[in-house]
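Protein chains: 2
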Amino acid sequence: MKFKGVYYICLFFLIGSFETSIGVDDTSKPDPLDGVATARWLVSQNNWGVLSTISIELGGAPFGNVVSFSDGLPDKGCGIPYFYLTTLDPTARNTLKDERASLTLSESPIGSCGKADPENPTCAKLTLTGKLTLVTENTTEAEFAASALFSKHAEMKAS
Amino acid sequence: MKFKGVYYICLFFLIGSFETSIGVDDTSKPDPLDGVATARWLVSQNNWGVLSTISIELGGAPFGNVVSFSDGLPDKGCGIPYFYLTTLDPTARNTLKDERASLTLSESPIGSCGKADPENPTCAKLTLTGKLTLVTENTTEAEFAASALFSKHAEMKAS
Chain A
1 MKFKGVYYIC
11 LFFLIGSFET
21 SIGVDDTSKP
31 DPLDGVATAR
41 WLVSQNNWGV
51 LSTISIELGG
61 APFGNVVSFS
71 DGLPDKGCGI
81 PYFYLTTLDP
91 TARNTLKDER
101 ASLTLSESPI
111 GSCGKADPEN
121 PTCAKLTLTG
131 KLTLVTENTT
141 EAEFAASALF
151 SKHAEMKAS
Chain B
1 MKFKGVYYIC
11 LFFLIGSFET
21 SIGVDDTSKP
31 DPLDGVATAR
41 WLVSQNNWGV
51 LSTISIELGG
61 APFGNVVSFS
71 DGLPDKGCGI
81 PYFYLTTLDP
91 TARNTLKDER
101 ASLTLSESPI
111 GSCGKADPEN
121 PTCAKLTLTG
131 KLTLVTENTT
141 EAEFAASALF
151 SKHAEMKAS
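Note that the protein sequences, when read in sequence, are chains A and B. For the record, in the first sequence the residue sitting at position 40 is 40 according to the working numbering, with numbers rising by one throughout. For the record, in the second sequence the residue sitting at position 159 is 159 according to the working numbering, with numbers rising by one throughout.
No lab work stands behind these hints: they were computed from the structure. Hints are supplied without guarantee of correctness; some may be wrong.
Any copy will do: because identical chains look the same in the list, a pair fits if it lies in one copy or spans two.
In silico DSS-like cross-links for lysine-lysine, where the CA-CA straight-line distance does not exceed 27 Å [claimed, not checked]:
1) Lys76 / Lys157
2) Lys76 / Lys29
3) Lys125 / Lys157
4) Lys157 / Lys115
5) Lys157 / Lys131
Please work from the sequences and hints to get the whole structure.
Below is the structure:
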C-alpha cells in the first residue's frame with residue numbers, strides 16, 4: 001500500500017495568546033524585565049522545543065515530544081511557531097483528536113545562560129499554550145510556513 | 001503569612017516503565033540501535049528536560065515546563081529522574097491533582113548530534129511517561145534524590 005507524503009506530512013501551527021509582530025529584528029537579547037520581547041526572542045532564536053499534547057494511546061495523559069519549529073526567516077520571527085509533523089508520529093495524531101497543546105522552550109540551547117542552571121530564573125523559560133491547527137494548503141500562510149521551516153531546517157525540505 | 005520552605009519545595013520523582021540499573025557508567029554514547037541503553041544515557045547525560053502535566057488552570061490542557069533534574073551522581077545514573085519542585089509553580093500543583101506526567105529529552109543539548117537537526121532521527125529523543133510522585137521525606141531515597149540533584153545542580157542546594 002502506497003501513500004503520498006502529503007497525507008502524512010502536514011504543516012501545523014500553534015495559535016495562542018502570543019501577540020505577533022511580523023518582521024521584528026530579534027537578534028539581540030531583550031531586557032529580561034520585558035516579558036513579551038523576551039518571549040518573542042526565545043521563539044525566534046530557538047529552533048526546537050517540546051510540544052505537549054493529550055495522548056490518545058495513553059488515555060488522556062500528557063505527552064511531550066521534541067519538535068523542530070520555526071516562526072519565520074532567521075532573526076525575523078512572526079511569533080507564530082510552525083511545525084512540519086507527520087501522522088506517523090503520536091503528536092500529530094493526538095492533535096487531530098484534541099488540538100490543545102503547549103510548546104515549551106528554554107533559553108539554555110541558545111547559549112546565553114552562561115553557567116546558570118536551566119531552572120535558574122535568569123535563564124528564561126517559555127510555555128506557549130493554545131491550539132495546534134493544520135495550515136490550509138495552497139495559501140499564503142502555507143507558503144510562509146514552508147519558507148520559515150525550510151530556511152531554519154534544511155533537512156525538512158528533502159522529506 | 002509566612003510559610004516554611006519545606007511546604008513549598010519538595011522532591012518528586014517519575015515512576016514509569018523505564019527499567020533501572022543503579023551505578024551503570026553512562027559516559028560513552030551507546031549504539032543507537034540499543035534503545036534502552038540510549039534512553040538511559042540520555043537521562044544520565046542531560047540535566048534538564050520538559051515535564052508535561054495536565055493543567056488545572058487551563059482546564060485539562062497539556063502544560064510543559066522546563067525543569068532541571070537528575071537521576072544520580074554524574075555519569076552514574078539510576079534511571080529514575082528526580083526533580084526539586086515548588087508548589088508556587090503550576091507543574092507541582094498539577095501533579096498533586098493528577099500525577100500523570102511525561103519527561104521529554106533531546107540529545108541536542110548534550111552536543112553529540114553534530115549538525116543534525118534536533119528532529120533528525122539520528123539525534124535521539126526520549127519521552128518517559130509515568131506518574132510524578134512525592135519522595136517520602138527522611139528516607140534513603142530522599143537522601144539519594146537530594147544528593148543526585150545537588151551534585152548536578154549546585155544552585156538548588158542554596159534554595
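Hint check results:
Taking CA atoms no more than 27 Å apart as the test, Lys76 paired with Lys157 passes inside one copy only; the shortest distance there is 20 Å, against 40 Å between copies. For the homomeric pair Lys76 and Lys29, the shortest alpha-carbon distance inside one copy (14 Å) is at most 27 Å, but the shortest distance between copies (36 Å) is not. Taking identical chains as interchangeable, the C-alpha atoms of Lys125 and Lys157 lie at most 27 Å apart only when they sit on different chains, with a minimum of 21 Å there against 29 Å within one chain. In the homo-oligomer, the alpha carbons of Lys157 and Lys115 lie at most 27 Å apart only across protomers (16 Å), although the nearest pairing inside one protomer, at 35 Å, exceeds that limit.
For the homomeric pair Lys157 and Lys131, the shortest alpha-carbon distance inside one copy (25 Å) is at most 27 Å, but the shortest distance between copies (38 Å) is not.
Against the hints set out earlier in the document, no violation occurs for any number.
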